[in-house]
Amino acid sequence: MSITPLIHVVDDDPSMRAALLRLLDAAGFEARGYSSTGEFLLEPRSDRPGCLLLDMRLPGPSGLDLQAMLQRENITLPIVFLTGHATVDSSVRAMKAGAVDFLTKPVKRDILLDAVQRALARDATQREAREKADHLRGQFASLTPRQREVFDRVVAGKLNKQIADELSIAERTVKREREQVMAKLNANSAADLGRLAELLQRSTVR
Amino acid sequence: MTPHGSKRQWLGVAHALLIALVLGCVAMPLHAAEEDEHVLMLYGLDPYLAPFLVMDKAVRETLASENGGRVIFFSESLDSQRFAMERLEPELVALLAKKYRALHIEVVVAVSRTALDFFVRHGERIWPGARVVYVGFLGYEFRPSELPPGASAVLSILDVAGTIDIARRLQPDAHRIVVVSGVSEIDKQAERQAREALAKLDARVPVEFLSGLPLPELAPRVAAEPSDSIVLYLTQFRDRDGRPYEPHDVLRAIIKTSRAPVYGAVESLIGLGVVAGSVASYGNRGRLIGEQVRHALAGGPPDPSRTVLAAPNGCVADARALQRWSLDERRLSADCEIRFAYVPVWRQYSWAIALALLIFAAEAALIVALLTQRHHRRLSEQREQAQRTDLARAARLAMAGELTGAIAHEINQPLGAILSNADAGDLMLDSGTDRRDELRAILADIRRDDLRASEVIQRLRDLLGKQKFERKEFDLNDAVIDLESILRAEARRRGVALEIRRAPESLAIMGDPVQIQQVLINLVLNAMDAVADESEDRRTVALSAAKGEGGAVLAVRDRGRGIAPEHRAKLFESFFSTKSSGMGLGLSITRTIVEAHGGRIRVESSSAEGTEFRVELPLAISNGAPSQHPA
Numbered sequence: 007m008s009i010t011p012l013i014h015v016v017d018d019d020p021s022m023r024a025a026l027l028r029l030l031d032a033a034g035f036e037a038r039g040y041s042s043t044g045e046f047l048l049e050p051r052s053d054r055p056g057c058l059l060l061d062m063r064l065p066g067p068s069g070l071d072l073q074a075m076l077q078r079e080n081i082t083l084p085i086v087f088l089t090g091h092a093t094v095d096s097s098v099r100a101m102k103a104g105a106v107d108f109l110t111k112p113v114k115r116d117i118l119l120d121a122v123q124r125a126l127a128r129d130a131t132q133r134e135a136r137e138k139a140d141h142l143r144g145q146f147a148s149l150t151p152r153q154r155e156v157f158d159r160v161v162a163g164k165l166n167k168q169i170a171d172e173l174s175i176a177e178r179t180v181k182r183e184r185e186q187v188m189a190k191l192n193a194n195s196a197a198d199l200g201r202l203a204e205l206l207q208r209s210t211v212r
Numbered sequence: 261m262t263p264h265g266s267k268r269q270w271l272g273v274a275h276a277l278l279i280a281l282v283l284g285c286v287a288m289p290l291h292a293a294e295e296d297e298h299v300l301m302l303y304g305l306d307p308y309l310a311p312f313l314v315m316d317k318a319v320r321e322t323l324a325s326e327n328g329g330r331v332i333f334f335s336e337s338l339d340s341q342r343f344a345m346e347r348l349e350p351e352l353v354a355l356l357a358k359k360y361r362a363l364h365i366e367v368v369v370a371v372s373r374t375a376l377d378f379f380v381r382h383g384e385r386i387w388p389g390a391r392v393v394y395v396g397f398l399g400y401e402f403r404p405s406e407l408p409p410g411a412s413a414v415l416s417i418l419d420v421a422g423t424i425d426i427a428r429r430l431q432p433d434a435h436r437i438v439v440v441s442g443v444s445e446i447d448k449q450a451e452r453q454a455r456e457a458l459a460k461l462d463a464r465v466p467v468e469f470l471s472g473l474p475l476p477e478l479a480p481r482v483a484a485e486p487s488d489s490i491v492l493y494l495t496q497f498r499d500r501d502g503r504p505y506e507p508h509d510v511l512r513a514i515i516k517t518s519r520a521p522v523y524g525a526v527e528s529l530i531g532l533g534v535v536a537g538s539v540a541s542y543g544n545r546g547r548l549i550g551e552q553v554r555h556a557l558a559g560g561p562p563d564p565s566r567t568v569l570a571a572p573n574g575c576v577a578d579a580r581a582l583q584r585w586s587l588d589e590r591r592l593s594a595d596c597e598i599r600f601a602y603v604p605v606w607r608q609y610s611w612a613i614a615l616a617l618l619i620f621a622a623e624a625a626l627i628v629a630l631l632t633q634r635h636h637r638r639l640s641e642q643r644e645q646a647q648r649t650d651l652a653r654a655a656r657l658a659m660a661g662e663l664t665g666a667i668a669h670e671i672n673q674p675l676g677a678i679l680s681n682a683d684a685g686d687l688m689l690d691s692g693t694d695r696r697d698e699l700r701a702i703l704a705d706i707r708r709d710d711l712r713a714s715e716v717i718q719r720l721r722d723l724l725g726k727q728k729f730e731r732k733e734f735d736l737n738d739a740v741i742d743l744e745s746i747l748r749a750e751a752r753r754r755g756v757a758l759e760i761r762r763a764p765e766s767l768a769i770m771g772d773p774v775q776i777q778q779v780l781i782n783l784v785l786n787a788m789d790a791v792a793d794e795s796e797d798r799r800t801v802a803l804s805a806a807k808g809e810g811g812a813v814l815a816v817r818d819r820g821r822g823i824a825p826e827h828r829a830k831l832f833e834s835f836f837s838t839k840s841s842g843m844g845l846g847l848s849i850t851r852t853i854v855e856a857h858g859g860r861i862r863v864e865s866s867s868a869e870g871t872e873f874r875v876e877l878p879l880a881i882s883n884g885a886p887s888q889h890p891a
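Chain order of the listed sequences is G and L.
Take 7 as the starting number for the first sequence in the numbering used here and just add one per residue.
Take 261 as the starting number for the second sequence in the numbering used here and just add one per residue.
Just chain G, with the same shape it has in the complex (with noise of 0.2 Å):
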């Protein structure tokens, strides 16, 4: 991937977020820091990868109402929670709501560069994930309106007789459809055509 990914660094204290820019600065990455998750929010939404490094206490909505923020609105940056007071509650919930780690300052070097480096990494697999189902709903999307309804029995499991008596067509248009689609799908088999389906259906629901 060619654009550089930005960390996004949420806290309140001016002298902790000098800090920590300073630092991802010169660990190589790209950063920026706000005071607030109010600040955040009001940042124009890219679409650069990246995470959020995020206090769990912040003036106004915390660190903790920021993550089911964006839960809600679909923004799956990743982010690693910093907190200068850990407690059991809140850690739980914070993980529990997907964070990718739960930190206590002062936090080591070593250990707040790795929760990046593996929040950088889910982002990219996320990122190529949605590509992934993005492209392959693109492809779905190709298919003629006979083609789904063959595909969708395909895909449940039915042999292409049966198919072609409950469409009412020919046992050979079937045989033809179905090669379209595994064409257009890039598929080798019936079994790759339900593993497609089963991507779909989860990117979709979500």
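Hints may be right or wrong, so weigh each one.
[Unchecked claim] Among the chain G residues that face chain L by a calculated CB cut under 7 Å, a handful are: (1) 19; (2) 28; (3) 91; (4) 111.
[Claimed, not checked] Take a look, some chain G residues computed to stay more than 10 Å from chain L by CB distance: (5) 46; (6) 165; (7) 199.
[As the list claims (entries may be wrong)] Listed next, the stretches of chain L that the computed footprint assigns to chain G, with coverage defined by at least 3 CB atoms under 8 Å from CB atoms of chain G: (8) 698–709; (9) 750–763.
What the hints contain is simulated information worked out from the structure, not anything from laboratory work.
For every residue, glycine included, the Cβ atom is placed at its ideal position computed from N, Cα and C.
Once you have looked at the hints, place chain L on chain G.
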């Protein structure tokens, strides 16, 4: 007549009676009733000489006990020893004559020869018809034949033999007896008596008479006597050169230098330094005088057998003189009267001393009791103070537990920044490029954050580590400033909006800053608790420090639902809490602390407006002076 008027009249009568009584007492001798009898004590010498006082007392006692009628005493003193009678006599006689004109004196007691002579010269003019009782010495001062008609006398006898006898008891090994006397008529009479007495002595002890030696010769002569001699002083009114002396002066001069003990046979010499003598006591003389006066008052012709009464002689010794010449007191006869003995004070005044000691003891006990009481009170005050301090500290620790999150945040924040800065610096150095300016900025930030962290720790130590109650002047604003960050951190943690306002002017108060901060934290935490379950617009707490009428006012206000009316009364009681986790010490300690600082705490609460705690603390005296407060 009003009751008031009646009372006044009675008072008037009482006054009149009182005045009449007083006047009556004063005037009584002048207008004495016929049955009263009047006796005049006429002293030739100072009547206040100790032996005369003894004698005078005995006279009065004798007459009071033996005479049925009333005897009124008067006294006059010629004091001839100290004042020249010749020059004063005319005026004195005129004065006395005038003084006694309206008063009939029945008996005049003339004490000493001077007094008798005065009476003989002027008695008939001053005290017409008075009979005289003479008090004097037989032999060397006076002869019975010299008594005026109708007079009687109490005479003492010069007991030389008795005196020598006493001397020899004290000094059984004495080798010589030296007798000192003068050459005046009286001296000669005394010496004659002494010679007669000594002649009768069966002793083989040689006797030497030193008669009429001039004082400059006499004193060294006596001083030369060995210490085992007996010196007997009679009287010396005149030496052989015709020089007059005061007999007592001669005695004093001898006593001063004599190594040998000196004796005397006249009571007035006892006390001047002589060891002892056989003398007539003044008490006995007084009693005899009393008898003579009574006889004279009875009227009738003088009883020849009672004209002259002789006072009995007895042994009298001077304890100080005995000690001076190292003479053994136990050698004296048992009935010998020892004067000037060192009677231990506790024996002499045993009752007075016992009483005084008792009072002292009682006073001391009282003082001890009071001191003990005071001590106890102070101890209990100290205990109370210590208890309060301990309790306050325990509550602070509990409070600190509640604040752990905020505290950890406050400390970890700078520590986190430091670590990250250091790591960043490390990475920059690894990169090899010259980023000196950035590194410098990092170091500056590290330094600043380090100080920030240690400041937090210092504040916590102040808050939690201290054991003793401190009393000093401090600004309430500063106490607020110190707590601001930790309170804000806690407020953030709880999602509560905290507003803090300080007074523009100085709020100097006296007391313990830590305890006042405790009050502050406690009230703010309580307020935060009160709004914990409220909607966001009501989750606000306001803390303000201001100057009010009651002094410095610390107010903590929340927008909670208020305190239930049934809880308000018990609000400040220990172990009362509406919270499931609370110990119920917070507000009770808060009030205790506030009251220990001379302040008071009030609460206003309503379910609509929330609750406000107001703490009023008296301003320090020096607050009147303009003081600068850092903005």
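Going through the numbered hints above, which ones does this structure break? Give me the numbers in ascending order. The structure breaks none of the hints.
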